[in-house]
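Trainee: Spelled out from the first residue to the last, the chains are:
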Amino acid sequence: EVQLVESGGDLVQPGGSLRLSCAASGFTFSNFEMIWVRQAPGKGLEWVSYISVSGSTTKYADPVQGRFMISRDNARNSLYLQMNSLRVEDTAIYYCARVGRGVNSPFWGQGTLVTVSS
Amino acid sequence: DIQMTQSPSSVSASVGDRVTITCQASQHISNYLNWYQQKPGKAPTVLIYGAYKMETGVPSRFSGSGSGTDFLLTISSLQPEDIATYYCQQYDNLPYTFGQGTKLEI
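Residue numbers (my numbering), protein chains in the order written: chain A, 1 to 118; chain B, 1 to 106.
Some clues are possibly wrong.
Examples of chain B residues toward chain A, derived with CB under 10 Å [what the hints assert, rightly or not]:
1) Asn34
2) Tyr36
3) Gln38
4) Lys39
5) Lys42
6) Pro44
7) Tyr52
8) Thr56
9) Tyr87
10) Gln89
11) Thr97
12) Gly99
It should be emphasised that the hints constitute simulated quantities derived from the structure, not laboratory data.
A virtual CB, placed ideally from N, CA and C, is assigned to each residue, including glycine.
Using the sequences and the hints given, assemble the complete structure.
Mentor: In structure tokens, the structure reads:
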């Protein structure tokens, strides 16, 4: 069974840092591109970041560029999102997801809540 | 960035109705289009990927069509459990942008 389990969400003060993790199982993690997506309370879905299968290529949405860093450990079947200089507007549920290609469908985790507030 | 425009933003329909949601990309994206369903308080789940491929376990009343810039999600006979918000997403070019969502009410 394919699973993606996010962790690391918490309440943090503005300017603080947080590291999110996503544990993958049930599929060959190293074969899939991965992304992070977030959803602010009552809002739609917003793509946050992308990482290639090897980790050599990464990309970020403009609002998080320079503050967030995506990484992966294929040996540990894990995806990460290091979040620095957090702002109130970063408050959201953060989802990790695999990118579907060809016959392989996309798949999302259940999300982890990040709250940035003083 | 590719802009994804969904319409309508909300729709109210009756059980048994045929419902169609459209998604238009601002540039050609071939078939690189996913459809998601999100029920209140839950994570999004995949309905359709690659524009028309149905995810395993999705009821056959859901279907996807289109290519290039114009795409459709069709529910052939609306059921009460289909109350949700539906999103399209392109994955042809980074950033993998989403439509703004369509809220479906019965």
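Trainee: Please go over all the hints and tell whether each is borne out by the structure.
Mentor: Hints versus structure:
1. With a least beta-carbon distance of about 6 Å to chain A, the hint placing asparagine 34/B at the interface is held under the 10 Å criterion.
2. Satisfaction of the interface hint for tyrosine 36/B is found here, the shortest Cβ-Cβ separation to chain A being roughly 8 Å, below the 10 Å cut-off.
3. Annotation: interface hint on glutamine 38/B holds; nearest CB of chain A at approximately 8 Å, less than 10 Å.
4. At a threshold of 10 Å, the smallest CB-CB gap from lysine 39/B to chain A is about 13 Å, leaving the interface hint violated.
5. Given hint, lysine 42/B at the interface with chain A, holds; its Cβ is 8 Å from that chain's nearest Cβ, closer than 10 Å.
6. Of the supplied interface hints, the one on proline 44/B holds, with its beta-carbon coming within about 6 Å of a beta-carbon of chain A, less than 10 Å.
7. This hint is violated: tyrosine 52/B has a C-beta 12 Å from the nearest C-beta of chain A, more than the 10 Å allowed.
8. For threonine 56/B, the suggested interface contact is upheld, since its CB lies about 8 Å from the closest CB of chain A, less than 10 Å.
9. Checking tyrosine 87/B against chain A by beta carbon gives a least distance of about 6 Å; that is within 10 Å, so the hint holds.
10. The criterion of a C-beta within 10 Å of any C-beta in chain A is met by glutamine 89/B, whose closest approach is roughly 7 Å, and the hint holds.
11. This hint holds: threonine 97/B has a C-beta 6 Å from the nearest C-beta of chain A, less than the 10 Å allowed.
12. The interface hint given for glycine 99/B is met, as the beta carbon of that residue sits about 8 Å from the closest beta carbon of chain A, less than 10 Å.
The structure fails to meet hints 4, 7 from the earlier list, while all remaining hints are met.
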